[in-house]
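Q: Each chain is listed here by its residues.
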Amino acid sequence: MASPPVLLELSGITKRFGGVRALDDVDFAIEPGEVVALVGENGAGKSTLIKVITGIYPPDGGTIRYRGEPVEIRSRRDSQQLGIEVLYQELSLVGVMNAYQNVFLGKELTKRYLGFIELLDNERMRIEAERILLEQLGMDFKGRWEPIFLMSGGQQQAIALARAIYAEASLVILDEPMASLGVEEVERTIAIIQRLRGAGVAVIVISHNLEHVFAVADRLVVVRRGRKVGDVPKDQITPEEAIALMVGRLQEKLVTREGPVPASSREEAHRGDGRPESR
Amino acid sequence: MATDVPRAADRRLRRRPFDRVVGQRPVSYWLTLLGPWIGILVFGVFMVFMRDDWLTVVNMRNILIQASVFMVLAVGMTFVITGGGIDLSVGAMTGATALTLAWLVKFTAIPEVLAIFAAFGVGVLLGTINGLLVTRLKMPDFIATLATWITFGGVVLVVIEGHTLFRFSDTVRFLGRYRLFDQIPMAVIVAALVAVVGYVLMTRSRFGRYTIAIGGNRKAAVEAGIPVERYKMFHYMFMGLLAGVAGVIMLGRLNAVHGLVGEGYEIHTIAAVIIGGTALYGGVPRIWGSIGGALLLGMMANALTYLGIHYFVQYVFSGIIIVLIVLVYSLLGYRQRPEG
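From first to last, the protein sequence lines stand for chains P and S. Under my numbering, think of the first position of the first sequence as 2, with each following residue one higher. Under my numbering, think of the first position of the second sequence as 332, with each following residue one higher.
Excised from the complex, chain P in its bound form (with noise of 0.2 angstroms):
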């Protein structure tokens, strides 16, 4: 492949709240088309983590690489100029809109009447959402004007998706999509995920839920009282263990491409002054 090959690369990033650290020394990749699950207790530092990536909060310490260049992620208009869209439990939509209204918020098309007029082209943002839900998340939105706030969590869901395949995401975070949803609608999303990957998108998915982790992510990352414990790819790590490692019976299960880490020779790492390399 010409673009190199991960897209966003996280390194000894550490951050802390008065004398708590909420982030210890954690490395974080992401490659494109994949999708990665970030899971833990409450508490484990998964919100950090991703406020961190989308510049909500800065990190104290660590490195920060975008398609292998340095980057300085500080605010959410840094992450956005990157195309790192997040999706929030509660949904980052204005109810009271309707669809097209929703997937252009602040990026309306417009059109010029008598050459100064600078208009919404409402028309053309309701084809091209309606197209937009209908092929690449494979939702029919034809005709439906109502209020967002009248329908379905899966069909906000699939609106806040649009959102960020209009704006050319190259990574979506989600924060729990499936935690208020139906059985039928989970498997909508899991398969708008998969869509996702198909189209070269990275993503994040924070869950509670191992059923639907496995059922949709590439690799899992499990984070311990700001630490990062786990780093595995789905087929060499049971849901036994992924939570052995987020109640911490288990210690640390770390596997790279190239295959496993031994804990002992991480432990030296950290030991030592140099930070980890990281994968």
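FYI, nobody ran anything at the bench for these hints, they're computed from the structure. All values derive from a computational prediction rather than experimental measurement. A hint or two may mislead.
As the list claims (entries may be wrong) - The calculated lysine-lysine pairs, modelled on PhoX-like cross-linking and capped at a C-alpha distance of 25 angstroms, are:
hint, chain 1, residue 1, chain 2, residue 2
1, S, 550, P, 52
2, S, 550, P, 108
3, P, 235, P, 254
What the hints assert, rightly or not - Quick look at which bits of chain S chain P covers, simulated, 3 or more residues with Cβ under 8 angstroms:
hint, segment
4, 374-383
5, 643-656
Yeah, the Cβ is synthetic: ideal placement off N, Cα and C, and Gly gets one too.
Using the hints provided, position chain S relative to the given structure of chain P.
A: Relative to chain P, chain S alone:
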């Protein structure tokens, strides 16, 4: 395929018949959309039966002229309220701009046309002060405009010192008095123009779309990269400009200003917007509804005069009617936006 998915909202909405979804909207949506127009119709029929001299061209024109000031103000207020704010200082701003115009033509040699634009400018300036308090000093909209309501009103009283300025030229009174073809009042034309511009802005411009987004879900607006503070600023400046227009119309109509001109306009304006179906908590605008609301209130004020009810009693009636209308809306389950 998407339509057979059970809607999350259905579970919450099933409780009341008015919440049934018809034509992709709850029934309450349609009722509040038509509300002011039904009110106008019912009230009109009532008045025709009460007084056979009510439905005349002259009286209809009087109602329109009387309502036009509030139509102009209500369009501006629709933007402020839809954007999640409120402006209590509109009455004081209207008075202050009328006074500015009166003072400039009486005490300076400034050309009268220029003085009219100066009044608009003062409106924008006062609106900017509101906007700065809300966006820079982070004051709640309600508190900031309550403070400026008192302040602007106080400044007017100080400047005018209890006098009344009266008798102005036809140029100064153009917007309030002139009649196109001797028939169509300029004030009504201006109100119609403001309504059309307001409607186009609300439905077809970024300004309107972002106003709805900010009032609908401020967090989502920020997340979408919308400069929320800047748009809040625009809302108050726009409101100020329209208060200037209303002030000039009012001066032209009354041919006089005194220290208390514009008093009570804020409540009247907000009432017109709420009767028109705009959601008080933001996100759902109804420009034409605000026009209808202003018209309905104008009809009521006119009717109370017609029925020989004393001016002060009219205040009581207006208050009761407003409370009743708002009550009807809340009984209808007036909900067009999700909680929070």
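Q: Against which earlier hints does the structure fall short, listed by number upward?
A: When the structure is compared with the hints, numbers 4 and 5 turn out to be violated.
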